[in-house]
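Number of protein chains: 2
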Amino acid sequence: MHRPALAFVAALAVLPAVARAEEGMWLPNAIPAAELKAKHGFEATPALLEHLQKSAVRFSTGGSGSIVSRNGLVMTNHHVGSDMLAKLSTPERDLLKTGFLAKSPADELPCPDLELNVLWSIEDVTDRVTGAAKGAADTAAAGAAKRKEIARIEDESEKSTGLTSEVVTLYQGGKYHLYRYRTFRDVKLVFAPETAIAFFGGDTDNFEFPRYDLDCCFFRIYEDGKPLQPEHFLSWDADGAKEGELVFTWGHPGSTNRLYTADHVAFMRDVEEPMGLKRLWRNEVKLTTFMGRGAENARIAREDFFGTQNGRKASQGLLDALQDPAMVAAKRADEDALLKRLAGKPEAKDFEDGRAMVRASLDAWKRLAPDYFALERRMRAGTLAGVARTLLRMKAEDAKPSAERLPEFGDANRESLEAMLYSPAPVYPQLEIERMTSMLSGLAEERGLDDALVRKLLDGKSPRARATELVRGTKLADVAARRNPDMNDPMIRFMASVDDQARAARKAWEDQVDAPQKIAYGKIAAARFAAFGDSVYPDATFTLRMSYGTVKGWTAEDGTKVPAFTTIGGTFERAAERAGDPAFELPKSWLDAKARLDGTVPFNFVSTNDIIGGNSGSPIVDADGEVVGLIFDGNLDSLAGDVVFDGTRNRATSVDARGMLEAMRKIYGAAALVDEMAPARK
Amino acid sequence: MHRPALAFVAALAVLPAVARAEEGMWLPNAIPAAELKAKHGFEATPALLEHLQKSAVRFSTGGSGSIVSRNGLVMTNHHVGSDMLAKLSTPERDLLKTGFLAKSPADELPCPDLELNVLWSIEDVTDRVTGAAKGAADTAAAGAAKRKEIARIEDESEKSTGLTSEVVTLYQGGKYHLYRYRTFRDVKLVFAPETAIAFFGGDTDNFEFPRYDLDCCFFRIYEDGKPLQPEHFLSWDADGAKEGELVFTWGHPGSTNRLYTADHVAFMRDVEEPMGLKRLWRNEVKLTTFMGRGAENARIAREDFFGTQNGRKASQGLLDALQDPAMVAAKRADEDALLKRLAGKPEAKDFEDGRAMVRASLDAWKRLAPDYFALERRMRAGTLAGVARTLLRMKAEDAKPSAERLPEFGDANRESLEAMLYSPAPVYPQLEIERMTSMLSGLAEERGLDDALVRKLLDGKSPRARATELVRGTKLADVAARRNPDMNDPMIRFMASVDDQARAARKAWEDQVDAPQKIAYGKIAAARFAAFGDSVYPDATFTLRMSYGTVKGWTAEDGTKVPAFTTIGGTFERAAERAGDPAFELPKSWLDAKARLDGTVPFNFVSTNDIIGGNSGSPIVDADGEVVGLIFDGNLDSLAGDVVFDGTRNRATSVDARGMLEAMRKIYGAAALVDEMAPARK
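In order, the protein sequences belong to chains A and B. Following our numbering, the numbering of the first sequence begins with 684 at its first residue and continues without gaps. Following our numbering, the numbering of the second sequence begins with 684 at its first residue and continues without gaps.
Certain hints may be false.
Treat identical chains as interchangeable: a pair holds within one or across any two.
Stated by the list, open to error - Below 16 Å or equal to it, Euclidean Cα-Cα: the simulated EDC-like pairs (lysine to aspartate or glutamate) are:
#, residue 1, residue 2
1, Lys-961, Glu-1129
2, Lys-720, Asp-1307
3, Lys-842, Glu-726
4, Lys-1032, Glu-1129
5, Lys-1049, Glu-1129
6, Lys-786, Glu-1359
These aren't lab readings, by the way, just hints derived from the structure by calculation.
Using the sequences plus the hints, can you model the full thing?
If you want it as structure tokens, here you go:
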């Protein structure tokens, strides 16, 4: 992907200070009401906003969704639900391959460890969090004081309201909000199509458009053993969206870095992204060879593999954009402009101070990254290793008061933690060995075999021999063994052997990278508020955000006009065009149903909404708040969205509501489901 | 791949000092005659040795072959010939996919730039080369003096004999031999099967056994417009080889490092191999995505892709072996034993000195590698970049006397150089752009976009924009433009912009890495000669070597007995077992012929011969010097062969002569060819 220098310059000149075009992932309690009214004549009533907020769902597996029936039906993407589809599959019942439809409520499949959250309320706790750090000796102490205060706020809230409570760090440390959620853990699988059509075109068409994917999946929430009767759920607009129509997404974008300084973006470009890509390339090849060894290997590693490929394509797209020299140049020009605007004000100095602190934190990043990533992040290679570390630390942390524990062991997070820890999802020894071998050999590649940590971990054996010994030796595949763990279990002892080092690496990272960055971006955000007012949205935080946009194609760099919609009929044309490539083979259900289908029905479409990874599964609704589609992807030009939004070409990709209904009725015999969702359908 | 520590210790305790088991890649003029006689009762007559030597062929594309008929027919592997198959293909005529058979001599396809060499004579020039360095001020000067003397020897020999002349560095600098070759450049393609059966099982079965591959390919040498009537060619043993039979390979192993010190092996393990693998992983993923974009992309990049996958699997196998801590430990124990043996002798100090020099060279390696690899090795990214650099340097080098030029521009190499430079092989702009983009973005990943070299190369553009501009702008795809180059061509100017730096990086590498290592290993080799006599084979150098071994299966680590032979019938069973995986789809020709085939005919077999990459395409002959098979691979356990040979499990893999003949007759209708090759067939 390349774009001429000017496109970036134009887009960036005013960024990330004030949102232009249809940029912005807006907080649900701070939407740009005036702008929406002025530009689109749209008025957001409090009732509509509450309705949309409380119909939106966050998936613990890292995606978004929405409640779409009065009986607690939840719509999301196939690729958000696929983690559950994999966990519910066996060699004999491969749901990713065959798809699934529950003929009746009794046939719905209970999910082993899925958690859905619905945002119920928001409270600003900035003063309390930052107040706790007043008088701290240094940034590290300030960071620790804030973390402790956050744990206290969460525990108090959880105890007083019974709602899952989470303090969210906004503007990279500029503000702190307490989010309270209704949490659901009794969730069942209702419907999913085959991966062949959910991910039609595979890696090749991923992040591209035109696109032809039925990337949807449906679950149902249960409460007290019965389908949830929700206060809020979305209804459908059976007419769908038209070109040029105003549409909204309500979802959970995972992470953006648009507030980042130019230095920080250059660091991403030269250090962080290349490092991440190296790991993704390595994993992709290793998983490919593992899967090549047989059909069962291919089945059990598919989720890891798709995740890796998807991450690689996203990261490559971002790096391609960053490696255009115009990108950072524009960021620098933007900072100069900001400083000019603030000339003579005290915030100019704040901004300069913040920028210098960021630079210092990046030096610490480089210095600390090898130990931090190796010991604290990658050591959890596979389910068993993750379980072992959790059990080990749980024992130590539970001896402390909740506010003093590592946050993931705090009382506020206990139920979620246990749901994961005691999940009955299957564990595959051959895949566990592969993951641990890859982790150990990766460490040996980075540090050499004579490195003290590597020697300790390998214990005189090769990476594969050591991984095999640990996976075969541990009892932790059995959930019962996790409930009453033997602290002499070999996997737990393996984790214990480096736990002091791992905790020290984490503390160093928190003190020297995280804490200073939060303070630095607090200053930078304040400077931006001073320059541009507070019409600035915070970077994405995997919390609920609204984005608005219009249904619209675009003109590619080479002049090609990319239309806004594809059709069901186009799917068959694309399959014919790429015959011979397994990624473009349509499932039998589609081939059989071809004659019954209306080829003119819209299937996928693009819009200018500002989204990013985590938004997958978000509903896309019209001005009445009715579903017109289901977000599942962005185009290649959207991959720079981590640091910049370029409204001329950045597009969000959705499954059209009409295409979804057509396929569910005519291909999958899911008419009952369609009727349940869309009672008002004309 | 893992092996218990003891297997290595046992194998290494006596290595690489004296060959045991059937280890050894022996010089054609120094075969272990006494050992062969004592152990196998085999007597090698000078006539037989000359016959085998002069029937062996070296492929300029990096493999081996043999002359197998009185009409100049040459047998090699499909994967050695595939480079030509690709160059002879078009979107309409995809020889890699369809295979090829010339029905008559008139149908044979002339190869655009293939060079075959047959070793004609050997002369020891050690004294002359080392003598030239006497009195040199330092190791760098000594290295330069030797390189100049080598060029002089080659030029003199070429002028006086008309034979291609090459001084080979043996024992990493312990000895120097002058090799003279008969060279053939008029070569035509005669027969190749489909890639689907030549590489049946793809990456999954590569380096594995049991195996079922018809990895063969036939060319014909022409001289003065007529088929060559060779003085020597191999005949076939239609009965093939039996289990336990003594067999020989005569081929061109590319490179081994068994003389390496323990420090050097540890360096390979911790630095060189991980660095190489990173590049291979990256290239494999990038090529996969490039090929996914369409059938024509897949066709034009296939050769690059297979080469990358093959290199990755080989390198991964080697690294897996190296990452067993027992490997380097055994190497260290071996060095201790050697020093004990040499105690009190001056060679003990030589050995220690050599070891210290190697260590110093490895420090230089680390320091110099980034510039050397970037500027001198990777900059030739694609055909056009390679051509541009060659033209640029040719102009500068041709102004000097031959012995003072960079060796590749010396008179002795001129014909080979021009054959490549003016090759009419097709150039694909989209693949050229991909390769240059990858090279430029790779540099940006390594050095950051603000690095001076990166800035110079990118010229203010993104890697893809810059690569596109260069590839679209150059005229060098046209061979006529290469014969009379415009030195202002943008690709030549691109190369010229960094040529001083590139030459400096190369000189630093030669002076501080290559030259000291040659001297160091000269000392080390001398110490080994002193300890063990000269029954030591030199590391592989892509020159002709003989290895002997026996046809024999092995017992895998988990106790599985792997048989020595597979059969034609087994091929169909394997295809059925892996149905659904495209790598295991048999071509239509095989499915159609199934009923006609004798399923019991041996297809592939393994033997204990010591081979390595470059040996691909070597004939495997019996005690009478008759062909019983065609080397095409080694097993996973052979991948450690770069640094160690473990006779208990290391196996070479061949296509059985009988399977080859069965398939050629009954599947491909190539009876005339079979009759031409095997006139004495019973």
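Evaluation of the provided hints:
no. : hint                : verdict
1   : Lys-961 / Glu-1129  : both (12 Å within a copy, 11 Å between copies)
2   : Lys-720 / Asp-1307  : within (15 Å within a copy, 93 Å between copies)
3   : Lys-842 / Glu-726   : neither (37 Å within a copy, 90 Å between copies)
4   : Lys-1032 / Glu-1129 : neither (40 Å within a copy, 34 Å between copies)
5   : Lys-1049 / Glu-1129 : both (14 Å within a copy, 14 Å between copies)
6   : Lys-786 / Glu-1359  : within (13 Å within a copy, 68 Å between copies)
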